[in-house]
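Engineer: Protein chains in written order, with the UniProt record's numbering: chain A, 1 to 220; chain B, 1 to 220.
Source of the hints: derived by calculation from the structure; they are not laboratory data. On a predicted model such as this, the values are computed, not experimentally measured, just so you know. Heads up, a few of these hints could be off.
Note that identical chains are pooled: a pair holds if it fits in a single copy or bridges any two copies.
Okay, derived cross-link-like pairs now, DSS-like style, lysine-lysine, Cα gap no bigger than 25 Å in a straight line [as the list claims (entries may be wrong)]:
#, residue 1, residue 2
1, 121, 216
2, 59, 19
3, 56, 216
4, 121, 25
5, 192, 12
6, 70, 56
7, 67, 216
8, 12, 163
9, 19, 121
10, 216, 19
11, 121, 12
12, 214, 70
13, 4, 206
14, 163, 3
15, 67, 163
16, 25, 206
17, 70, 19
18, 167, 4
19, 39, 3
20, 206, 12
21, 4, 214
2 protein chains.
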Amino acid sequence: MIKKEDRIYFEKLFPFWEKLTHQEKNYFIINSRTMTFTKGVDISSSPECFGLTIIKNGKIRVFLTSKEGKELSLFFLETMDIGVLTAQCIYPKLQVSINLHTEEVTEVIVMNPEAFSLMRKRNSEVSDFNMDLIYTRFSEIIEQMETALFVPLSVRLIRYLLKQEKKELIITQEEIARHLGSAREVITRNLKLLQNAGCLQVSRGKIQILSEEKLKTMLD
Amino acid sequence: MIKKEDRIYFEKLFPFWEKLTHQEKNYFIINSRTMTFTKGVDISSSPECFGLTIIKNGKIRVFLTSKEGKELSLFFLETMDIGVLTAQCIYPKLQVSINLHTEEVTEVIVMNPEAFSLMRKRNSEVSDFNMDLIYTRFSEIIEQMETALFVPLSVRLIRYLLKQEKKELIITQEEIARHLGSAREVITRNLKLLQNAGCLQVSRGKIQILSEEKLKTMLD
């Protein structure tokens with residue numbers, strides 16, 4: 001059961017919340033609880049079935065892994081995001097192996113998957129909400145994969161650099177490779193090209209963006 | 001409305017069929033119809049909303065396209081398969097652009113999307129069936145994309161060749177490239193390597209598989 005102050009997450013995130021009966025609301029509240037994961041936890045390999053997961057704070061990286069250990073980030077779950085893909089245990093037809101790792105200490109609200117499933121079957125608004133969530137996530141995943149498949153790495157790397165809020169990134173080339181589903185050597189080669197063009201200054205575990213303008217021109 | 005003999009598709013493909021009332025069955029039947037597409041039709045770009053689509057006979061290729069026109073086959077819909085991804089018009093949250101082209105003359109049963117949606121909301125068995133279908137399809141799509149992302153083209157090409165029923169394939173290298181999300185030059189280079197290894201005999205618009213055994217050893 002979640003605390004009274006945590007109900008705000010349901011009120012804000014569930015479009016159907018106000019339409020539920022008092023009893024239905026209570027059922028959701030009783031069947032939910034908060035959990036805290038430390039940094040670096042592999043949530044996806046937990047033996048526990050989480051079902052619907054609301055992020056109170058922290059950050060979870062959602063990514064694919066190849067047999068050879070290559071990775072590709074799909075998206076990040078942050079405050080007020082809802083995760084549904086941990087729900088594989090309740091949807092046996094969902095045969096994808098997607099990894100979820102906490103990037104920071106992460107506090108979540110998890111709902112008992114059987115309870116959510118029951119509500120979904122009894123209330124078509126909950127069912128629609130669930131479908132919307134799933135479609136949204138799948139759209140994001142497919143878009144990310146499409147980009148990784150069809151957009152050249154050089155372009156994806158520049159887009160990634162332009163998306164960063166800071167001018168100085170404390171990140172290894174290995175981490176960028178993992179994020180973009182590439183190999184470290186390929187990232188190194190591409191970063192060197194950008195450095196030679198005067199866009200960046202690359203040093204060990206650090207990348208300094210010298211000119212966003214120049215970076216943008218490299219996209220043409 | 002579909003003909004009496006076409007009800008067999010519903011009976012065989014809908015696990016919930018026998019649990020429906022007479023009235024519900026009738027509602028499905030009245031709101032469905034058969035359609036025939038000629039070969040080479042782009043169903044996905046049709047202005048009409050199809051919703052659930054059952055393939056009576058024929059073959060539909062489901063694939064992704066990049067802005068630059070690169071393609072990647074996701075799966076094929078054949079007799080007794082059910083398509084759900086044409087349903088973008090009823091699920092606005094599904095923001096993926098997946099192409100469906102008929103590879104042969106294809107006869108389908110399509111259900112009015114609003115009617116199916118209504119049944120899904122009223123009957124949790126229909127809703128579960130719909131979810132299962134969507135999860136299955138998405139799992140297939142993600143698996144295909146994962147393979148294209150993480151498995152080297154040389155390996156995917158050999159797997160593709162081994163999957164063929166015939167020893168002599170009447171197919172252009174351009175078609176294989178489109179199927180595997182690659183470029184023709186890359187396919188040509190890889191086919192040459194396999195020919196030099198004595199696995200194949202490649203000629204214009206035709207590939208003859210000389211030894212499946214040798215092909216398999218190339219996977220190691």
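Engineer: If a hint holds in the structure, say so; if it doesn't, say that too.
Structural biologist: Hints and how they fare:
1. With identical chains, the CA atoms of residue 121 and residue 216 are never at most 25 Å apart, being 49 Å at best within one copy and 48 Å at best between copies.
2. Neither within a single protomer nor between protomers do residue 59 and residue 19 lie at most 25 Å apart by alpha-carbon distance, with minima of 30 Å and 44 Å respectively.
3. In this assembly of identical chains, residue 56 and residue 216 lie within 25 Å of each other by CA distance neither inside one copy nor across copies; the values are 35 Å within and 50 Å between.
4. Taking CA atoms no more than 25 Å apart as the test, residue 121 paired with residue 25 passes in both settings, with 15 Å inside one copy and 20 Å between copies.
5. Proximity of residue 192 to residue 12 under the C-alpha cut-off of 25 Å is found in neither arrangement, the shortest distances being 46 Å within a copy and 59 Å between copies.
6. Neither within a single protomer nor between protomers do residue 70 and residue 56 lie at most 25 Å apart by alpha-carbon distance, with minima of 30 Å and 41 Å respectively.
7. Taking the closest pair of Cα atoms, residue 67 and residue 216 come within 25 Å of each other only across two copies (19 Å); inside a single copy the shortest separation is 34 Å, beyond that limit.
8. When the C-alpha separation of residue 12 and residue 163 is checked against a cutoff of 25 Å, the pair qualifies neither within a copy, at 28 Å, nor between copies, at 50 Å.
9. Taking the shortest alpha-carbon separations for residue 19 and residue 121, both the intra-copy value of 16 Å and the inter-copy value of 16 Å come in at or below 25 Å.
10. In this assembly of identical chains, the alpha carbons of residue 216 and residue 19 never lie at most 25 Å apart, being 48 Å within a copy and 59 Å across copies at closest.
11. Taking the shortest alpha-carbon separations for residue 121 and residue 12, both the intra-copy value of 22 Å and the inter-copy value of 24 Å come in at or below 25 Å.
12. In this assembly of identical chains, residue 214 and residue 70 lie within 25 Å of each other by CA distance neither inside one copy nor across copies; the values are 30 Å within and 28 Å between.
13. In this assembly of identical chains, residue 4 and residue 206 lie within 25 Å of each other by CA distance neither inside one copy nor across copies; the values are 44 Å within and 69 Å between.
14. Proximity of residue 163 and residue 3 under a CA criterion of 25 Å is satisfied in neither setting, with 36 Å inside one chain copy and 56 Å between copies.
15. In this homomeric assembly, residue 67 and residue 163 come within 25 Å of each other (Cα to Cα) only across copies, at 22 Å, whereas the closest approach inside a single copy is 29 Å.
16. For a Cα distance limit of 25 Å, the shortest separation of residue 25 from residue 206 qualifies neither inside one copy, at 49 Å, nor across copies, at 64 Å.
17. For the homomeric pair residue 70 and residue 19, neither the shortest alpha-carbon distance inside one copy (45 Å) nor that between copies (46 Å) is at most 25 Å.
18. For the identical chains of this complex, residue 167 and residue 4 are neighbours neither inside a copy (41 Å) nor across copies (68 Å), given an alpha-carbon limit of 25 Å.
19. Proximity of residue 39 and residue 3 under a CA criterion of 25 Å is satisfied intra-copy only: 24 Å inside one chain copy versus 60 Å between copies.
20. Taking the shortest Cα distances, residue 206 and residue 12 never come within 25 Å of each other, neither inside one copy (39 Å) nor across copies (60 Å).
21. For a Cα distance limit of 25 Å, the shortest separation of residue 4 from residue 214 qualifies neither inside one copy, at 51 Å, nor across copies, at 67 Å.
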